[in-house]
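Same order as they appear, the protein sequences are chains R and P.
With my numbering applied, the first sequence corresponds to residues 1 to 318, in that order.
With my numbering applied, the second sequence corresponds to residues 319 to 545, in that order.
The hints are simulated quantities; they were obtained by calculation from the structure and are not laboratory data.
Don't be surprised by glycine CBs; every beta carbon is placed ideally from N, CA and C.
Heads up, some of the hints might be wrong.
To be verified - Chain P stretches covered by chain R per the calculated footprint, using a threshold of three residues with CB under 8 Å from any CB of chain R: (1) 329–340; (2) 379–385; (3) 414–428; (4) 448–462; (5) 496–503.
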Amino acid sequence: MSRQSFVASRRKAWDEFTGKVGKLSRTLGHLEPEEAASFPSEYRRMCQDLTLARHRRYGLAIAGRLNDLVLEGYHALHGHRRSPLLGAGRFLFVEFPREVRQYRGLLWLCITLFFGPFLLLTLAGVVAPEWVYAAIGPEMRAQLDSSFGSGIDPRGANSDVQMFGFYVWNNVGIDFRTFAGGILYGIGTLFFLVFNGVVLGGAFGYALHAGHTEHFFAFTAGHGSLELTAVVISGMAGLKLAQGLVAPGRMRRGHALRVRAREGVRLIAGAAAMTVGAAFVEAFWSASAVPAGVKYVVGACGWVAVILFFVFGGRRAS
Amino acid sequence: MKLDTLEPVSTPEGAVVALRVAGPVPRALAWGLDLVIRVVGYVAVGIAFGFFGEVGGAAILLVMFAGEWWYGVLFEVLGKGATPGKRMMKLRVVHADGTPVEWGASIIRNFLLAADFLPPPFGAGLLAMLLSKKFQRLGDLAAGTLVVHVDRTRVNVRETGAPPFAPPVTLRPVEQLALVEFAHRTDSWTHARRIELTDLLEPLTSAKGTEGVERVLGMARWVEGRG
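Please take these sequences and the hints and turn them into a complete structure.
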């Protein structure tokens, strides 16, 4: 069969199929039931035509057009139309804690990297304040003084809602950067984990040293459990990327990176949800006028809840 | 050796489709267009919500958060693989197997922009693109995605009236295809260019100039056969 007779016999089918994929590629485009019923078989005919046109060397004019048609049909037929919210509940409450538990070694590594400097600098606030002064600069100390000094309203003029926006923007952004830093052989992630541990630990140490304990600890008690745990899990997500690059195991490095990235992106999704939750608590609860004692109790309950969640979460679900 | 940027992938139906992988320049332009769109969006939202005081302030920060981290993800997954900038540049993000990009991969590649951007602008990303065979930046390598052209440049087939002319030797299939492609595109060149090209085939046609062009077109006709 020559090119011309091939085109003549198939052109009508191609034009029809072009119309259908055109409809489907439009936003909210869909086919009528009778059109949709024949779509898969027509698509397979397009695949066949493309292979024939290439094999018989009918030229790029035909093969190029069929290539585009097959690609469009492929996207229409094999595209995913799953909503991300489908299964979000199960992911957050069953799969996410399971996966965090599964990467136990990584979890302890990140806890050490973050809480190590954090606790050391908090302790330094009592026994060796010069370390705290080395860790956080005069601007941050002045800011802490003005925010948490005795007799000052911790939030000042900013409203709760506005601070919620800021906490999401800033804190979730830090989580995402910690994750992204993992692609640089983990150096970025290590930096963010240790850096955040040093700065936050320095702030705690300074609060102890300067005697801002009442305001500072009452403010941080409520959201600390969610936020600090999310920092650690973001670190795990970042180091997953690094694991693919540094320790690919039996896979090729590129393949290992893709597999680990798939594991890491689930961790960062969970961590982001936790940080948004923490931002909510921080904005609407932490600076509220509730007595400090109540805040301490709630904060302690938060830590117990987070630890129980990650120890037992999703164990019983099928 | 591979000369072009075509990336063959096979569909489950057994057909091999070629993806046209996009290089750094159209992608940088698409990114620039997206940046302009985002900045215009921020300014518009800033003006609109500026009147709402503190709630407005929160809304602006949330919009910026969404814009910086989720703009690419939402548009790529919900908008057939393309952000507005990519759509203007006729680009699309797909998985390496040609399927439309999904949430997981899109989140990975868009979040890793933060790493690709370093040192600014896009030092790591550009280096990774130039070193990888499929122009993948770090985010693409981790997500297993490609950015491909979707433009439909068409070859307008011109049916030549040249009389069929049998080639003096048996041509290999790729050589036959080269003649056919030449005949299909003959309208897109000036006559001088046609002559320049067909003069290279003098050993085959034993003619130069217009006569050579006619013979090549005739051989193409002969190779293709009659309808």
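Structure-based check of all given hints:
1. 329–340: This one holds; 9 residues, not fewer than the three required, reach chain R with a Cβ under 8 Å.
2. 379–385: holds (count 4)
3. 414–428: Our answer is that it holds, as 8 residues pass the Cβ test (under 8 Å) against chain R, meeting three.
4. 448–462: Holds: 6 residues of the segment 448–462 of chain P have a Cβ under 8 Å from chain R.
5. 496–503: Holds, because 3 residues of the segment 496–503 of chain P bring their Cβ atoms closer than 8 Å to Cβ atoms of chain R.
Of the hints listed earlier, there is not a single one the structure fails to meet.
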